[in-house]
Amino acid sequence: MVGFKNRFMLMEVYLDPEKDLLGEGTPVILTKLNLSEAIKDSILVNFGECGLASCLGSFHVAYVNPVTKLCIVRSSRDEHRRVWSAMTLVRSVGNCPVVFNLLDISGCIRACRDAALKCETEKFNQSGKGLSEEEIREMNRKMRTPRTLEVWKLGTVNYLKSLKLQDKLVSERKANRIPDTLLSLQHPPTYTLGKRRTDHNLLIPEAELKSIGAELHYTQRGGDITFHGPHQPILYPILSLRSIGFGARSYVEALERSMIEFSSLYGVKARAGNKCETGVWVGDRKIGAIGVRISSGITCHGLAFNIDPDMKYFEHIVPCGIADKEVTSLRRETDAQLPSEEVIHEQLVTCLAKVFSYDDVVVKEDPSAILNTLEDDD
Amino acid sequence: MALRMWASSTANALKLSSSASKSHLLPAFSISRCFSSVLEGLKYATSHEWVKHDGSVATIGITDHAQDHLGEVVFVELPEEKSAVSKEKNFGAVESVKATSEILSPISGEVIEVNTKLTDSPGLINSSPYEDGWMIKVKPSNPAELETLMGPKEYTKFCEEEDAAH
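Chains as they are written, first to last, in the UniProt record's numbering: chain A, 1 to 378; chain B, 1 to 166.
In isolation and in its complexed conformation, chain A is listed as follows (with noise of 0.2 angstroms):
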């Protein structure tokens, strides 16, 4: 599944193209941080704010070889261009003159790998050093493998037998024996309190919710209280943050942005939060609620975005905690004409996937069997 199209580009620096280097001692250390920054650098001067904006989203690095100085450049395939130039025109990395040459475009980091591999073991021929079956596969690991997210569609979901899910995925993303994972879901209508316990924002007392086809769960993520429901897709990334390099603010940000990209797509201007209303607001109705924990470094709840749920369930809470806001959905923000949910679902895990860089996005086939070997909660 290719949600998002990407140009990989293979990259040789000649660092102090005037003097002869000849031998030892480069003036430089290429790092994927200081070519990173020279980079972005050179499109910001030359592309202006905009220009830099435009890039940003799918701008990386990903693999830097300070010896044979070949370096792998992603870019969005609308973009690539952009920064091909800006690559040619960065003049110095750090104070030593340099020149970027490409050697190679592709959409996919595989091809772009392979060509790294055979242009590094030709290097290292001609400079007379033959490369063991030892180095090259020593390379081949160095270069940063990509970057995959699975995806796990579960349909409606039982509250609490996701809750059960995540532990399990949380335990298994921690001893690494999944990568990264997505789950996409909604459901059934469900009032959720965080770890503070925040009971007084129900403002019905808790023996009327069946009458009102809901249940209350208590939680261990951050946030008040919420309301969940059909029409209501439900994110919960599984990653860990340290291989992502976020701290918990940068993450939860990251999550925002998600949904502010997302709503674009249909024209709406979200924005996040200001301070202490951390969440996606449209002017000052909130459409999109995020409450996550960390454990051990490793994420799980997320993101709720608001399509077109059933707003009267909105009446009987104080949402989040906040008295004086309104709450809104996509359906009442946009005229436009609203695709199928599982189209909305679709782009919204495509908006993630790429504000958070992944590489790959992978569906998993039948996830919902694995619900079903859940423990049954009686």
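All clues stand as given, with none of them false.
Cross-link-like lysine-lysine pairs, in silico, BS3-like; alpha carbons within 30 angstroms at most:
no.	chain 1	residue 1	chain 2	residue 2
1	A	Lys32	B	Lys157
2	B	Lys87	A	Lys174
3	B	Lys137	A	Lys195
4	B	Lys52	A	Lys195
5	B	Lys117	B	Lys82
Bear in mind the hints are in silico, worked out from the structure with no lab data behind them.
Based on the hints, put chain B in the right spot on chain A.
Below, chain B without anything else, positioned relative to chain A:
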């Protein structure tokens, strides 16, 4: 160019506006790594907690780097006095920006005191992570565990590598 980047990230961190500052519009840049403080005399865990060992009492909290990456803390859950904590096992949680994060104990032992001020003022963790924001005081059951933790220089390098890798 490096100097310009440093200057603009300084300006951004100090919330000054400057005509040369461009990094305010680039959320992908991590600027906080230049400014997290690391104190001498403390030991550090890879999960970003610090330990201050004073004779038979060890004080535990989270580092400046950790509180910066968490955002503003709104709720802290701490264990009871007399409960046991184990090395690298979770003993409590903090909530910030709708995310609850577990805190792992760097050492094993018995909790002898808990910072009750954090219930009313969880923000102390952000404003004073090494002093008023301390979380629990523990009687270590295995002092050798302290040797496995990092010193200030190692921890600073660890943070830099973590931030630079992405």
